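Enquirer: Sequence:
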Amino acid sequence: MPGIEFEIGELLKRKGLTLGAVESATGGLIAHMVTGVPGSSDYFKGSVVSYSNEVKTGVIGVKAATLKQYGAVSAQVAGEMAAGGKKLLNVDICIADTGIAGPGGATPGKPVGLFYLGLAHKDGVFSRKHEFLGDRAQNIKSAAQAVLEWLMEYLDTI
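Under the working numbering, the first residue of the sequence shown carries the number 14, and numbering increases by one thereafter.
If you are wondering where the hints come from, they were derived from the structure by calculation, not from laboratory data.
Bear in mind that the values here come from a model prediction, so they are computed numbers and not experimental data.
Treat the hints with care, since some could be wrong.
What the hints assert, rightly or not - Distance ranges between label pairs, derived from CB positions: (1) Arg141 to Gly29: 36 to 44 angstroms; (2) Lys81 to Met165: 32 to 40 angstroms; (3) Pro121 to Lys26: 19 to 27 angstroms; (4) Gln82 to Arg27: 35 to 43 angstroms; (5) Leu30 to Val72: 22 to 30 angstroms; (6) Pro124 to Ala77: 34 to 42 angstroms; (7) Lys135 to Ile17: 18 to 26 angstroms; (8) Gly52 to Tyr83: 37 to 45 angstroms; (9) Gln82 to Pro116: 35 to 43 angstroms; (10) Ala78 to Gly52: 34 to 42 angstroms; (11) Glu23 to Lys123: 12 to 20 angstroms; (12) Leu30 to Leu146: 28 to 36 angstroms; (13) Lys154 to Lys100: 27 to 35 angstroms; (14) Gln82 to Gly52: 38 to 46 angstroms.
Just so you know, even glycine gets a beta-carbon here, dropped at the ideal spot from N, CA and C.
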């Protein structure tokens, strides 16, 4: 059974919209899922894996002050990643993620499995918080799936 990325592709093509992704903790999985659909080059322009804060600020345009105040794993950074990616990739919609896949990396208030997802489109910039309870691979897959489900929700409303 085809995954949600096939439905997303059909909707993007039908609506004449382009998509980009800025990934951190998912490390390229979102782009891999989207480009696994034949014909995805019709709507998917590209992605950036901004694993380091240096790439988040220097390439994507996340403000250093945002990183300092909220940390890389935050709603604010996820939103700035999506907004920066939308501009950088020149797309109609950009999705983003930042999180702690595990097993290490947790801090007080930011447990393993915490992810923030970003979505930027013509109506604004948004973020969502998710907490996953799997191992590293499961958390990464869950985050990629969650951002695609959120994208599908948005596409169904426009």
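Enquirer: State for each hint whether it applies.
Expert: Taking the hints in turn, this is what the structure says about them:
Range check, Arg141 to Gly29: Cβ separation about 26 angstroms, and the 36 to 44 angstroms hint is violated. The hint said 32 to 40 angstroms for the Cβ distance between Lys81 and Met165, and at roughly 34 angstroms that hint holds. Distance hint check: the CB atoms of Pro121 and Lys26 are about 45 angstroms apart, inconsistent with the given range 19 to 27 angstroms. Checked against the given bound of 35 to 43 angstroms, the beta carbons of Gln82 and Arg27, roughly 40 angstroms apart, stay inside it.
A C-beta distance of roughly 23 angstroms is found between Leu30 and Val72, which places it inside the suggested range of 22 to 30 angstroms. Here the CB-CB span from Pro124 to Ala77 is close to 25 angstroms, at odds with the stated 34 to 42 angstroms. In this structure the supplied range 18 to 26 angstroms holds for Lys135 paired with Ile17, their Cβ-Cβ distance being about 22 angstroms. Restraint check, Gly52 to Tyr83: a C-beta distance of roughly 38 angstroms satisfies the suggested window 37 to 45 angstroms.
The supplied range of 35 to 43 angstroms is broken by Gln82 and Pro116, whose beta-carbon atoms lie about 27 angstroms from each other. A C-beta distance of roughly 41 angstroms is found between Ala78 and Gly52, which places it inside the suggested range of 34 to 42 angstroms. In this structure, Glu23 and Lys123 break the distance hint of 12 to 20 angstroms, their C-beta atoms being roughly 37 angstroms apart. The hinted window of 28 to 36 angstroms between Leu30 and Leu146 holds, with their beta carbons roughly 33 angstroms apart.
Range check, Lys154 to Lys100: about 28 angstroms between beta-carbon atoms, so the 27 to 35 angstroms window is met. In this structure the hint that Gln82 and Gly52 lie 38 to 46 angstroms apart at CB holds, the actual value being about 42 angstroms.
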